[in-house]
Every structure is written in structure tokens, then in C-alpha cells.
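2 protein chains.
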Amino acid sequence: MAQSYKQKQVVRYYMCDRTNKLTLSMLVNVLLEISGQQSALLNRGEDFVRAMGLSWIIIHYDFEINRMPKAEETVEIETIATEYNKLFTYRDFYVRDKNNEVIITVKTTFALMDLEKRRMARLPEIVIAPYQAEFSKRIRRNVKAMPVEKESASQKIFNVSYFDIDSNNHVNNSRYINWALESLDEAFLSSHTIKKGVISFEKEVKENEIVTSYSNTYDDEELITAHHLSANGMTNCTATFVWDRNKKEG
Amino acid sequence: MAQSYKQKQVVRYYMCDRTNKLTLSMLVNVLLEISGQQSALLNRGEDFVRAMGLSWIIIHYDFEINRMPKAEETVEIETIATEYNKLFTYRDFYVRDKNNEVIITVKTTFALMDLEKRRMARLPEIVIAPYQAEFSKRIRRNVKAMPVEKESASQKIFNVSYFDIDSNNHVNNSRYINWALESLDEAFLSSHTIKKGVISFEKEVKENEIVTSYSNTYDDEELITAHHLSANGMTNCTATFVWDRNKKEG
Chain A
1 MAQSYKQKQV
11 VRYYMCDRTN
21 KLTLSMLVNV
31 LLEISGQQSA
41 LLNRGEDFVR
51 AMGLSWIIIH
61 YDFEINRMPK
71 AEETVEIETI
81 ATEYNKLFTY
91 RDFYVRDKNN
101 EVIITVKTTF
111 ALMDLEKRRM
121 ARLPEIVIAP
131 YQAEFSKRIR
141 RNVKAMPVEK
151 ESASQKIFNV
161 SYFDIDSNNH
171 VNNSRYINWA
181 LESLDEAFLS
191 SHTIKKGVIS
201 FEKEVKENEI
211 VTSYSNTYDD
221 EELITAHHLS
231 ANGMTNCTAT
241 FVWDRNKKEG
Chain B
251 MAQSYKQKQV
261 VRYYMCDRTN
271 KLTLSMLVNV
281 LLEISGQQSA
291 LLNRGEDFVR
301 AMGLSWIIIH
311 YDFEINRMPK
321 AEETVEIETI
331 ATEYNKLFTY
341 RDFYVRDKNN
351 EVIITVKTTF
361 ALMDLEKRRM
371 ARLPEIVIAP
381 YQAEFSKRIR
391 RNVKAMPVEK
401 ESASQKIFNV
411 SYFDIDSNNH
421 VNNSRYINWA
431 LESLDEAFLS
441 SHTIKKGVIS
451 FEKEVKENEI
461 VTSYSNTYDD
471 EELITAHHLS
481 ANGMTNCTAT
491 FVWDRNKKEG
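So the sequences go chain by chain: A and B.
To convert, note that position 192 of the first sequence is 192 in this note's numbering; the numbers rise steadily by one, no gaps.
Numbering-wise, this note's numbering comes out as the position in the second sequence, counting from 1, plus 250.
Hint data in this document are derived by calculation from the structure and do not stem from the laboratory.
Don't take every hint at face value.
[Claimed, not checked] The calculated label-pair distances, taken between Cβ atoms and stated as ranges, are:
| no. | chain 1 | residue 1 | chain 2 | residue 2 | range |
| --- | --- | --- | --- | --- | --- |
| 1 | B | K453 | A | R141 | 48 to 54 Å |
| 2 | B | G295 | A | P124 | 47 to 53 Å |
| 3 | A | K86 | B | L291 | 51 to 57 Å |
| 4 | B | E366 | A | G233 | 44 to 50 Å |
[What the hints assert, rightly or not] Selected chain B positions facing chain A (in silico; Cβ < 8 Å):
| no. | residue |
| --- | --- |
| 5 | R262 |
| 6 | Y264 |
| 7 | N270 |
| 8 | Y412 |
| 9 | I415 |
| 10 | D416 |
| 11 | N419 |
| 12 | N428 |
| 13 | L439 |
| 14 | E457 |
The beta carbon of each residue, even a glycine, is placed where N, CA and C say it ideally should be.
The shape of chain A in the complex, shown without the other chains (with noise of 0.2 Å):
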């Protein structure tokens, strides 16, 4: 069976934004926080796949969000690596109220990536042999995102700075959430809510790129946006997010 881990964590100001609601980065930080201390407790840390030369790399996040944790909230947060190949790790995230109660659930697909090569490395038995995670040869295709269209896209460019790089010297994945909704203007961020969503990242920024956001809006059944990162003609991250007005708190 595999090994879930679960640990509390108090949702602090700092990651919250203006309405005092945890941002979707800050989320992703988290959940990433968690996984890691999963590994750490299996032998399994940073220090250990380091050694080998690799790093993990998120490639996925699919994500339903009943509702966004407030400030100072407690939530407990749960993970499972449940299934792997030879090039990816599928796993669980869970974050669950102080009822119990299901907030949000996120899929995630990670890969491990050669540091000096800057590609995907085949996942190594002894990396993933504590997680006790079922092996299948089936590689899944993940939920893609809608393809944006530039024409008629919003876009913002963004200049990758200092603080945006993280220990594996690329830009950290939860840079390019706010990228891909800072497209949006801020009418729109501040009345609506992100419900779900896919994000799919596709190659590495590096410092001193600088990195084009467009996005599309489209407001049928569901109220849809759809994102487009790329820096030097490549595309770094696609992603879609569909979103809820939001209600008058009452």
C-alpha cells in the first residue's frame, strides 16, 4: 500500500492575498513543502536525490478547490504517491478543514530531473522504491490545457528577477501561476475565484529571460481562461482555470 502523509499547517498572512485568502502559489508551496517532508522521513530528502545529481520537477497539477483556506486557518494536508513509471510519479494532495471536510484536491505528476543535463531522468528503483507506490508501465495522459490564441490574447511580459530562481537555478513552478494570473486584470482577479484548473510545464525559464503571459477568456457554460507562458519563442507553461464570481460574503 502506498504511504500517505498528513501534517496540519495554520494558512499565515503572508500567504494570503488582499481578500486574505490563500493564494493558489502559495498553495502549490505548501503541498511541495509536504511532499518534502514525506521524502525526508523515507531517506528519501533533497540531500539524497541531490547526491545522485537529480532533482524533482513538477510536470502537472490538476486541481479542484471546494474553497481556498482563510488566514490563520488550520488545515491538515495529506499526500500519497500512488502510481510511477520509468519517467513519472503520480501523487495526491488532500486539504481538508477543520471538519475533515475535503477543501481541495490536487494531482500532481513530478519527474526527476538530471541537474547537469537539465533533462528527465528515469526514475531510479532506489529514489522510489519507500514510497511504496504501485509501478504500471502506463504513462497517463494528463488533462491538457486549452490552446490560447495570441491574436486576440491579453499579454503582460515579465522580467525573470533574482528572487524568482530557486536551488535547482530555474524559475521556481509557483512563479508562473502568478504570471499566468497576473494576465488578468485586476477587476477580474479581485470578483472572481478559481474553482479548477490544469497546469502543464513544459521547459525550464532561466535568469535573465523574459517571459510573455497571454491569456484568453471565454465565457460560456463555464467561466474559462486559458494560459500561455513562453520566454525566446519556447513554451514554457500552459494552463487552464475555471472560475466562480464571487458571492457577497454575507
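Assemble chain B onto chain A, guided by the hints.
Frame of chain A, contents of chain B only:
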């Protein structure tokens, strides 16, 4: 006797820079979280002051850093509101490592902002009494940041973006720190460490403003950078940092 409040904190990877050391902006976030917890414990939390139309803001930081803690390190943070006058309260923070050595000392000046008028308010006795800080008529002269010579300064321009704004409806003070530092280049930032500094916040930055971050570097007896942030021709923030060259880690 002034009330002291202590709490242990684990430094998380997402609070760190590429070298897995705590960033100055995240240090500040964590310190304010701790003082916020003390306030909540004394029934003077965010909700209490906000119900009076007020919110705490930071006017000045003066810090000494022996070393920044690293990812996954546990530190203990102590805070004491030592003294106040009609406009300001002075609050000290001590960050200690597991050997109980003080690794960081931060002296701060807080004020209350009237959320409607967007200016400083007198400190009401009902807000300040529970901290048992000493009253003193004297308004301290904080150490001033060094002036910047704009003609010879490095400069970098930043657009205020959605996630820079906090629940006070202005740019969060921790963002100014990154903007100041990011006017320095990567070669400098990755080979130097801050050992002390002062930061003064003079005017709030609001949504849709464009901030220019100026800095001069002086390499005399000490290696010093002087910083100036401005938007719309106003001075928003000044800062001075004293740096050490990084030693090779053994």
C-alpha cells in the same frame, strides 16, 4: 514589564532563495506573523484594530544579521514591544538558533494607519495597553538610510501587480525589500550576504503604480548599497544595506 512572546518556526524551502537561505523579505513576513500572533493572544488582533478603522503598518526596520537560517532549520523568534509614544511603538525581534544564540536582531517602528484617511493615527490607549510597553514622550530618531545619487544609480522598473497588494490595499512591505535588492545584479547578489541594514517606509505604493528602484554601491571601509524606491515622483522607501562577501562553504 513589557510582554514578551516567543515562538518556534521552521524555515521552509519556499521562504528561501536559490542558496536555500531565508530571504530578507520572508524574514520580515515571518516576524510580522509572530507579532500578529502576540496581538491576537492579547485580544488585540487584526480584527480588533480593523473594527476601529485602523491597521498596523511598519515605518522602519533596523536589523543585524549574524547569519540567515537555512531551509528546514528551526529557529525561535521572540518579540517585545518595548516602548511607545503618541504615534509610534517600538518593537524588537530576536531570532535564535537551536544553541540559543541570537542570529538576527531586528528593531522596528510600527504605527497605526487610518484605513479611510490613509494616514497615521494616534495610538489609542485601548489598543496599546495590553502589551505593557513603556510610555515615553520621546519620538526616536531612526537611523537614516544613505542618500542615493540618482544620476549614477543603477535602476530597475517594476509594475505593481495584483499579488503585491495586501489586505491594507497597498503594496506589502516585504515587496519593497525585493524591489530594492533586485536593482543589484545577479553576480553581486549571489556572492554577497547582508549583515546589517535599515529600511524606512515613507509612502504607500498603490495598485497600478510603477516603481523605480535606484541603488548606489559604495565599497570603502564597508561594502554598502544605498536604495531609493519611488513612484509618481514621490519617495516611497529608502534603505541601506551593509554586505559581506560570501566565503566558500567548506
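Okay, the hints, checked on the actual structure:
Under the hint 48 to 54 Å, the C-beta atoms of B/K453 and A/R141, about 52 Å apart, fit the expected range. Checked against the hint of 47 to 53 Å, the C-beta distance between B/G295 and A/P124 comes to roughly 49 Å, which is consistent with it. Checked against the hint of 51 to 57 Å, the C-beta distance between A/K86 and B/L291 comes to roughly 52 Å, which is consistent with it. The given range of 44 to 50 Å is respected by B/E366 and A/G233, whose C-beta atoms sit roughly 49 Å from each other.
Checking B/R262 against chain A: minimum C-beta separation of about 5 Å stays under 8 Å; hint holds. Given hint, B/Y264 at the interface with chain A, holds; its Cβ is 4 Å from that chain's nearest Cβ, closer than 8 Å. A cut of 8 Å between beta carbons decides the hint on B/N270: the least distance to chain A is about 5 Å, and the hint holds. The restraint placing B/Y412 at the interface with chain A holds, with a minimum CB-CB distance near 5 Å, inside the 8 Å limit.
For B/I415, the interface hint holds, since its Cβ comes within 8 Å of a Cβ in chain A; the closest pair sits about 5 Å apart. A least Cβ separation of about 6 Å between B/D416 and chain A falls short of the 8 Å threshold, and the interface hint therefore holds. Hint on B/N419 holds. Least Cβ distance to chain A is approximately 7 Å, under the 8 Å limit. Taken as an interface hint, B/N428 checks out: its beta carbon lies about 5 Å from the nearest beta carbon of chain A, inside 8 Å.
Contact between B/L439 and chain A, as hinted, is supported at the beta carbon level, the nearest pair being about 5 Å apart and thus within 8 Å. At about 6 Å, the closest approach between the beta carbon of B/E457 and any beta carbon in chain A falls short of 8 Å, and the interface hint on this residue holds.
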